[in-house]
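Enquirer: Each chain is listed here by its residues.
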Amino acid sequence: GAVVSQHPSWVICKSGTSVKIECRSLDFQATTMFWYRQFPKQSLMLMATSNEGSKATYEQGVEKDKFLINHASLTLSTLTVTSAHPEDSSFYICSAQIQGVGTQYFGPGTRLLVL
Amino acid sequence: GESVGLHLPTLSVQEGDNSIINCAYSNSASDYFIWYKQESGKGPQFIIDIRSNMDKRQGQRVTVLLNKTVKHLSLQIAATQPGDSAVYFCAENNNDMRFGAGTRLTVKP
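Protein chains in written order, with my numbering: chain A, 1 to 115; chain B, 1001 to 1109.
No wet-lab data here; the hints were simulated from the structure. There could be a bad hint or two in this list.
[Unchecked claim] Below, simulated DSS-like cross-link-like pairs (lysine-lysine); rule was C-alpha separation at most 27 Å, straight line:
1) K1042(B) / K64(A)
2) K1042(B) / K14(A)
3) K1042(B) / K20(A)
4) K1042(B) / K1108(B)
5) K1056(B) / K20(A)
6) K55(A) / K20(A)
7) K1042(B) / K66(A)
8) K41(A) / K1108(B)
9) K1071(B) / K41(A)
10) K1071(B) / K1056(B)
11) K66(A) / K20(A)
Given only the sequences and the hints, what does the whole structure look like? Please build it.
Expert: Right, here's the structure in full:
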């Protein structure tokens, strides 16, 4: 149990375009989902915390107008990278937290390459 | 600010030996810790967790030890196998999760 999926697994796009990444909890309801970014050989950096039905909470230094997060249901959160630039190229990982349980379960990640 | 960190960035062990990966944390109020394994190009995978009311927890081939006095956490892997090669992160969970830098474990055949 506790499976989290992400789609797409990788994406290549042109600079200036927008990219949407989906995060789904497949066999449980997640009241809270998290979005992380990971650059090569670095740790995961929390970008934002997403609660179902409310606005996401962004970490300091993360532009909320650039990284749009929508947590429309208890099983789906989306991250949209707007007007992507090469420096946004990274590995984006989501996680989902079961209500009342501290453990987060991670998706497989989405590799974004902006040309 | 308070943080979770790791002592060593890399660890190389011989196949069959035991591995010990260490982690220091600085938030004395933390009451829940998790170890994750991340293979190249994949998301972190839950290994084992421990709450602060315990000092040891065992899983299959893995043991986590918690020393609250010195704010230290360790992950022990018994009979390390090539498939254990990955980056291991400890994380402190207080509604959101903070990761340390990670330790890359390499298992030599």
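Enquirer: Decide, hint by hint, whether the structure agrees.
Expert: A quick look at each hint next to the structure:
For the hint pairing K1042(B) with K64(A), the CA-to-CA distance comes to about 26 Å; that is within 27 Å, so the pair holds. Proximity of K1042(B) to K14(A) is assessed by CA-CA distance (about 24 Å); at most 27 Å being required, the pair is judged to hold. Proximity of K1042(B) to K20(A) is assessed by CA-CA distance (about 19 Å); at most 27 Å being required, the pair is judged to hold. Our distance criterion of 27 Å between C-alpha atoms is met by K1042(B) and K1108(B), whose separation comes to about 22 Å.
Of the pairs offered as hints, the one joining K1056(B) and K20(A) is violated, with about 42 Å between alpha carbons and a cut-off of 27 Å exceeded. A C-alpha spacing of about 17 Å is found between K55(A) and K20(A), which places the hinted pair at or below 27 Å, so the restraint holds. Of the supplied pair hints, the one linking K1042(B) and K66(A) holds, its CA atoms being roughly 25 Å apart against a limit of 27 Å. The straight-line distance between the Cα atoms of K41(A) and K1108(B) is roughly 20 Å, inside the 27 Å bound, and the hint therefore holds.
Taken as a hint, the K1071(B) and K41(A) pair is honoured in the structure, with Cα atoms around 26 Å apart against an allowance of 27 Å. Annotation: proposed proximity of K1071(B) to K1056(B) holds, straight-line Cα distance about 14 Å (limit 27 Å). Between the alpha carbons of K66(A) and K20(A) the distance comes to roughly 12 Å, so the proposed pair stays at or under 27 Å and holds.
Checked against the numbered hints above, the structure violates only hint 5.
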